[in-house]
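**Q** Listed in order, the protein sequences are those of chains X and D. When you line the first sequence up against the working numbering, it's residues 1432 to 1772, in that order. When you line the second sequence up against the working numbering, it's residues 834 to 1221, in that order.
Just so you know, the hints here were simulated from the structure itself, not pulled from any lab data. Values in this document were obtained by computation on a predicted structure and should not be read as measured data. Careful: at least some of the hints might be erroneous.
[Claimed, not checked] With beta-carbon atoms standing in for the labels, derived distance ranges:
no., chain 1, residue 1, chain 2, residue 2, range
1, X, W1756, D, R1107, 13 to 23 Å
2, X, G1749, D, D1098, 31 to 41 Å
3, D, V1031, X, F1695, 50 to 60 Å
4, X, D1548, D, T851, 55 to 65 Å
5, D, E1166, X, N1466, 45 to 55 Å
6, D, P1109, X, V1611, 31 to 41 Å
7, X, A1728, D, H1016, 33 to 43 Å
8, X, R1603, D, A841, 51 to 61 Å
9, D, W838, X, Q1724, 36 to 46 Å
10, X, A1667, D, H939, 42 to 52 Å
11, X, T1732, D, E1166, 38 to 48 Å
12, D, R1017, X, A1667, 23 to 33 Å
13, X, R1655, D, R840, 51 to 61 Å
[Claimed, not checked] Some chain X residues close to chain D (C-beta under 10 Å, calculated; not the full set):
no., residue
14, G1496
15, V1539
16, S1664
17, A1771
[Unchecked claim] Residues of chain X clear of chain D, computed beta-carbon distances all greater than 10 Å:
no., residue
18, N1575
19, L1621
20, V1647
In this text, a Cβ means the ideal position worked out from N, Cα and C, and glycines have one as well.
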Amino acid sequence: MRFAFTEDQLLFRDAVRELLVKECPPEHVRAAWDNDRSHSPEIWAALAGMGVVGLTAPESAGGMGLGELDLVLLLEETGRVALPEPLVETGAVAIPLLGEVEADVAAVWLARAAAGDAIVATSFDNSLVLDADVCDVLLAFERNRIALVDARHIDLERQASIDGARHLFEARWAAKDASVLADGATAGELTSRAFDRGALGTAAQLIGLAERLLAVTVEYVQEREQFGAPIGSFQAIKHHLADALLAVEFAKPLVHRAAYSVAFHLATSSRDVSMAKAAASDASLTVARHALQCHGAIAYTVEYDLHMWMKRVWALAGAWGDAPWHRRRVAERVLGPDPAD
Amino acid sequence: MDLTWSRAEQAFRDECRTWLVEHVPTEPLPSGDTRDGFFQHVEWEKQLFDARWSVVSWPREYGGRDASLWEWLIFEEEYYRAGAPQRVTQNGIFLLAPTLFEFGSHEQKERFLPRMAAADDLWCQGWSEPNAGSDLAGIKSRAWRDDEFGGWRVTGQKTWTTRGAFCNWLFGLFRTDLEAERHRGLTYLLVPLDAPGVTVRGVGRLDGDEGFAEVFFEDVFVPDDCVLGDTNQGWGVAMATTSSERGLTLRSPGRFTAVVDRLVDLARRTGADRDPRWRDAITKAWIDAEAYRLYTLADVTSLVEGQSPGARSSLNKLWWSELDVRIHELALELLGPMAELAPHAGRAVDRGAWMKGFQFALAGPIYAGTNEIQRNVVAERVLGLPRK
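The following block holds chain D by itself, in its conformation from the complex (with noise of 0.2 Å):
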């Protein structure tokens, strides 16, 4: 056991943090949900793309810098420690590009990585359906056959598609065999949604923001390129995104090591830190932070020697999301009869940040599978209690 970076990594580390000291806008961005925040998000991604800061673990010739998982991880706490602003690219770079790594054609990855790692190309999800969300092998958007122009038509409906009503790219998964077993039958494609035949629909969020959106599909032509693995195993390969998406990639420890860092600052502010209750409540909530920190580096520990986290990767979504509630509730207590005021109210404090957080918090335990089904995948998987 050896818990001390490098001397490179901690070169690494000083070299992040002096370029987003100097980089990140004093002023935050308005919500990246919203249509104007968005594009000013995709603006602040530019620069990071134009700094080599926006895939940091990508190879150099897509844009990254061959940074190892160590070196991703110490990137992911300078940054939420610095307050940068969110990731919009985050469905793309996070949970696309791991997909594309490992099932992309050559052609595929070249046309498709460098723009994404730019901001150039903006991808949302399109996996959930009306009725299709926990059960997601439900879904009935469908995918014919066109020969003559070599490819897909599809036809259907996606929905809750985080910033979809912003983005030029959606990847999700369609029913292409309708003879076959739920699971089977369904292909991975990438939708361009400027193509004759789609239409999105922004529904506003829990929040107030237009983050989300309808996405309907009529006889769209997709393209043979834009198929993404083998036709009818698009489960196989969306499995290795939500992988990703439940595990560290999604949340890394550094967005949570600095928001209970923000909740001491703010019980000092409050007071709180002279309260017992408070003291006991906030370092509960401190100690759960750093638990998920060293979890993560255990994690980290596996995969760079060679095992798989599979199912487990459930275990770290369970305690991110559930974490990041309890947080933003201990804020709003902290923050009593002020915890109502709306970002642009004037005494509002922290610009409303935490009721604002404590919303977006609540959306963890739902999406990327709601943690009830975390819960089966845990039962089942890592413990091998009985499917029925």
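Isolated chain X (complex conformation) (with noise of 0.2 Å):
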């Protein structure tokens, strides 16, 4: 029994925290929300550059060959400077699929998103997609089938999100475009792999912004003062934070088991997600209350950074799958099957 990272994941961490700090400060974040496009090639490209993108590919494959539990601190990394990028989609989860399926094309298009050349875009069931204007395909989970469909037979619509920096579209193709990676059961399988795997990824982004969120907290508190003391040595603001710590510090060791258990394929996987994407959802969005509280009128303000991470915050926590819908998958581990099905 170890329940802690190695030496090497923790220094890793360490090292894309330094690279996105400097590379992704919130001026970086507020520039996605004015331009056309969120996307940046020399951010992407860094990334990929460390091994980051293509983190889970087999080194075949131009990748590292490393799993979801070297991944999930650097995932944390990218929610604390609300990275404008589909790492979760293209890292986290087109990745791994890629790797998993037989077809040919796949294995172009995984060998081409590894090294940072190609962006994969991903839709389940028709959902909204993330950064699809900036894609080179789009992986189209659908009912029993997957599909890849090049972006040039996609047609968009914006779909602005609070959240200016996270570009969303509808997204439509012909079927003709399509070409099918698995169908029937496999696809089945593989589907719910895939959605697990985006929300521990979604989870981890969720703790690193909370984190985040305290910290600027815990900073402003110490400088802004009232009554002739920094508001932060009053007792009502302290106690907004420690249960604000409380709700993170507990929430991360679940997702942190999460991807464990899908790391190694466990039979639990599901359920572990389900319990960290919950836990992630509902603490993020308490520090985020707590952080707009402690500093009052100014997070009220779009001119103030706070408000970039708190929508971030709002957006993710229901994205794929909020704290209610997850824990209604693991009621039906603890509890048995949901009587309304």
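Since each chain comes alone in its own frame, lean on the hints to assemble the complex.
**A** Here it is, written out as structure tokens:
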């Protein structure tokens, strides 16, 4: 028994943190709100260069042959800086899936994606597609079918998110333009695994975001003075922030355990991912609420950065299944089948 | 990361489980916070001791098994899963013992630990006073130097002393230097409750049991060999104990994973498992218990690798104490009008254990330092917010 990361995993995380702090400061996220595209080819290339994008691709495909346990801490870092890139979609979901199917076309896209030369967007049962405008190919998970659609064949309609750095699209394509990678029971199984990886990656990003919100707030309440003292010396503020820390600290082990379960294909993977996403969604919403309250009116403006992280939390808390949705999945394991189904 | 148990740990679990299945009383004992119940629990403790299960993590020479922290967690999981009796010895074995191991002289360890393990001595904690609760450093009970007899003479009062009316020893803090600043000038004393000058008065608790006591000291002689740690250094010695109390030794995760499983069972019996609202709430509690189990695995990993949890143990206390209240509130909602039935009522579900457990859970956010104090500790010592 050892519930901790290895020295190497922590060092890799530190290196990625250092890169992201430099390359993705708040001004970069703010620019993603204003620009037509949120994607930055420079940051993507830097991440690919460090091996982050192709982390889970086999070495034969140009990847690092690592797994979810190695990826989870890196995704926390991308959440911490609110990185406006489809890294969960391409790195956590598409790349492992492309390595799991036999089709030749999958191998081609896998190598390109792992090298950082292609962005793969994802869609589950016609969900909105993140960064579809910059993707090279779309990986579509449909009922009992998984298909690849070349970006040239996709019609897009922007669906604005309250998080201006998340560029979402309604995507349509003709059936003839989709190359099927898997169907039937195999597709069902692969889809379920792919969805779990997306939910896990998003849970990790929420943990990073929550920690960022808390850190920024801890800093703020030590500077802000009222009644002649830093507001951080008041018990009411202390209790808000203690509650925020409590929420994150007890969500984190669930996320790390889910990464372990997925990495080792444990039978409890889906349940564990759902516990992680439910807890991470709830915890980050809680932290965002405390962060706003402790800042007061300054955080109720769009001039101050905090709103960008809060809005990312609100978006990701609902993406890939919100907390009640995931608890329903856990309930089936804990209490038996849902009578409503 | 490796979340599997070794073969040796698995074998240890099997051994615990087998013994517990064979020995846990099939009829639950009366509450250990009543006089009759207490002494039945002491008999159970002696049974545990005879089979070397009373203090598994202690060295063999004192009656333990030299079990690792991992094995201790396994033992606790199995203990609560088996529905075994509450540990009326807990204040001694979980709170005083870690302090004795750290600060006690060789003679003190030899004298006190084996008798504690065997439940021959029963220990209560003398922290709170009528005017010193959360503000523990405000204690006023005094000890005067008695050079003639080589010891201290204690006068004052302790209160909310759990099971104080049934125990024969008390460990606590007493003011030995009136001139010193609040936190200094305190000494950690081990006081025999049968000494002349001690009066113990039981106080009925919220749940009706006589579990509390007020302890009065009138010129009570405490010899020098009953001083734990150095004179006037009691605060530091006591803090080592409160850190164990808030942290995992007092309320291990096994207790909560077992009680949420019982909640699931209650949901099946009441039909709540088919109602989406209950399903969500119960699942949330179940996940919260699992979060505590995993948090503890991470904590134990750091402990084993030489790091100390320090002020993080306050987070731990906040989590389990508030989780315990949520679980029991939910159970009472599932029971509806049956929730109010007392243990001896004919139609009481599970012998009224949920209401009893609820009332006990309500003490959690108060004892071992109120949760308001814990939140201050977290904010100041973990997050680094200014004290003033």
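**Q** Against each hint, give a clear statement of whether it holds in the structure.
**A** Comparing the hints with the structure gives:
no.: 1; hint: X/W1756 / D/R1107: 13 to 23 Å; in the structure: 19 Å, holds
no.: 2; hint: X/G1749 / D/D1098: 31 to 41 Å; in the structure: 33 Å, holds
no.: 3; hint: D/V1031 / X/F1695: 50 to 60 Å; in the structure: 58 Å, holds
no.: 4; hint: X/D1548 / D/T851: 55 to 65 Å; in the structure: 59 Å, holds
no.: 5; hint: D/E1166 / X/N1466: 45 to 55 Å; in the structure: 51 Å, holds
no.: 6; hint: D/P1109 / X/V1611: 31 to 41 Å; in the structure: 36 Å, holds
no.: 7; hint: X/A1728 / D/H1016: 33 to 43 Å; in the structure: 40 Å, holds
no.: 8; hint: X/R1603 / D/A841: 51 to 61 Å; in the structure: 59 Å, holds
no.: 9; hint: D/W838 / X/Q1724: 36 to 46 Å; in the structure: 43 Å, holds
no.: 10; hint: X/A1667 / D/H939: 42 to 52 Å; in the structure: 49 Å, holds
no.: 11; hint: X/T1732 / D/E1166: 38 to 48 Å; in the structure: 41 Å, holds
no.: 12; hint: D/R1017 / X/A1667: 23 to 33 Å; in the structure: 31 Å, holds
no.: 13; hint: X/R1655 / D/R840: 51 to 61 Å; in the structure: 56 Å, holds
no.: 14; hint: G1496; in the structure: 17 Å, violated
no.: 15; hint: V1539; in the structure: 34 Å, violated
no.: 16; hint: S1664; in the structure: 4 Å, holds
no.: 17; hint: A1771; in the structure: 6 Å, holds
no.: 18; hint: N1575; in the structure: 27 Å, holds
no.: 19; hint: L1621; in the structure: 25 Å, holds
no.: 20; hint: V1647; in the structure: 12 Å, holds
Checked against the numbered hints given earlier, the structure breaks hints 14 and 15 and satisfies all the rest.
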